[in-house]
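First to last, the sequence lines map onto chains A and B.
Counted the way this note's numbering counts, the first sequence spans residues 6 to 223.
Counted the way this note's numbering counts, the second sequence spans residues 50 to 288.
By construction, these hints were calculated from the structure, which means they are not laboratory data.
Hints are supplied without guarantee of correctness; some may be wrong.
[Stated by the list, open to error] Residues from chain B shown here face chain A by an in silico Cβ test under 10 Å; the list is partial: (1) 182; (2) 192; (3) 196; (4) 201.
[To be verified] Quick list of in silico lysine to aspartate or glutamate cross-link-like pairs, EDC-like style, CA-CA up to 16 Å: (5) B/197 x A/93; (6) B/241 x B/230; (7) B/197 x A/42; (8) B/241 x B/254; (9) A/7 x A/204; (10) B/267 x B/230.
We put the beta carbon where it would ideally sit given N, CA and C, even for glycine.
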Amino acid sequence: MKIHVIHARNRHLYEREMEDFFRQRHRIYVEEKGWRDAAEDGLEIDQFDTAAATYLIGIVDGRVMTGSRFVPTTRPHLLSEVFHHLCDFEGVVRDPTVAEWTRGFIIPEFREVAGVNLKAQFCATVMEYCLNQGITRIGGIQEIYWLPLWKRFRWTVRPVGSPSLIDGEWCVPAYFDVSEEAFAGAWRFARLQESILVERGPRQDFVSAAGELRSRAA
Amino acid sequence: MNSLDADILDFIDRTRDYTAVDPLFSDFGALVGDLGFEHFILTGLPPVGENFDDLMICNRWPEEWSKVYHDRRYFRDDPVSRWSLVRRRPFRWQDARAQCPATARSIEIAGNAVEFGLADGIAFPLASEGWQAVMSLASSRPLDLGQKDEGLLYLASTYLKMAATDLLGSPKPEALLTAREREVLLWVAAGKTAWEISMILGLSENTVEVHLRKIRTKFGSSNITHAVVRAIATNQLPL
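In isolation and in its complexed conformation, chain A is listed as follows:
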């Protein structure tokens, strides 16, 4: 598997994969989890899938196996637009080096087969990308029940607001710290010899793109 970085500047190289990605999101977030209503075209796309979003997508033989989305917290994101009332400790975090990390998934066919390796490969590569880019924290709304499982990768997480019930699940806005330790903690289970991060075409610097938008908005 290779993990591809896809953003506004190189998306034209990945049109087919992006459609596959949104189709998988529909399978999982609409059909499996029931978090959103079905879309006629079978693609799960929301108001945060804009040019501001960067995607890390795991592809094997041209098929999307796993993926997730990063949105700079300086742009509109779930926490700022939908759940801002939950960020009652210090308000909504707005920082070009902090990214909201959402819509993560592994397709069902791969979950059984690959076990923890696949998740570890993906998470290690996420941390690799964040370290390269100077992103310091990633997160968003987390289900409290799953927080302890991130410990397996030695990931640390801090709440930025009070817990609340969302659709019957206790959730809390929280961010994971990006660190070499977090990378190494996931890498340990990844069984990889070398990096699987792929950046094709024009590059985009996440943090300066996030910063630019903020000053434009101001």
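Following the hints, complete the assembly by docking chain B onto the known chain A.
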């Protein structure tokens, strides 16, 4: 941010600094004690059977109550234990008791609990590697806990467990598995017999038995299943 928010947040920050579990547990005990919970227990739950002693993380039950609970084998008939095994979300003892059919045993358990100062409580099932765990908080009085505070306690319990897992989860040097031992144990965890493992790894069955014995010794386990549990708990067996 009200004062409980601040207390919980401070507690969460403090969990990172502890280097031993006892002061960590006492800190948590003081936090929940202030909210009227005089006792608590944090334990893994057995996937089968009733013995959770091996999986106990922190037992702050009154000692006598733990003894009675163990000797009279209350685990199998206690609605709170039953629910802890299968529920994912926090639940109040009242709800488990109300929704499980009342039996002579369940009434006895609830009655005896009151005698030991555990009249009511709330339980937080916690995700754990390979098996369920639960944080159960007990009060000598009927529960008077708002939903918001319930969420904060859930968060605090989760962070306690994460810190405890860190502190307890580093294997002692004498309990570090070799690569071969890890390989053998992985197949055990997948349900293979010693003979099957010998076929898979191209070893004699005797050699596999030697490895298994060594593994059990390293963890001080009387059976290999317990060793699997300990290996997972010390992060030596990714599943």
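Taking each numbered hint in turn, which are not upheld by the structure, reported in ascending numerical order? Numbers 2, 7, in rising order.
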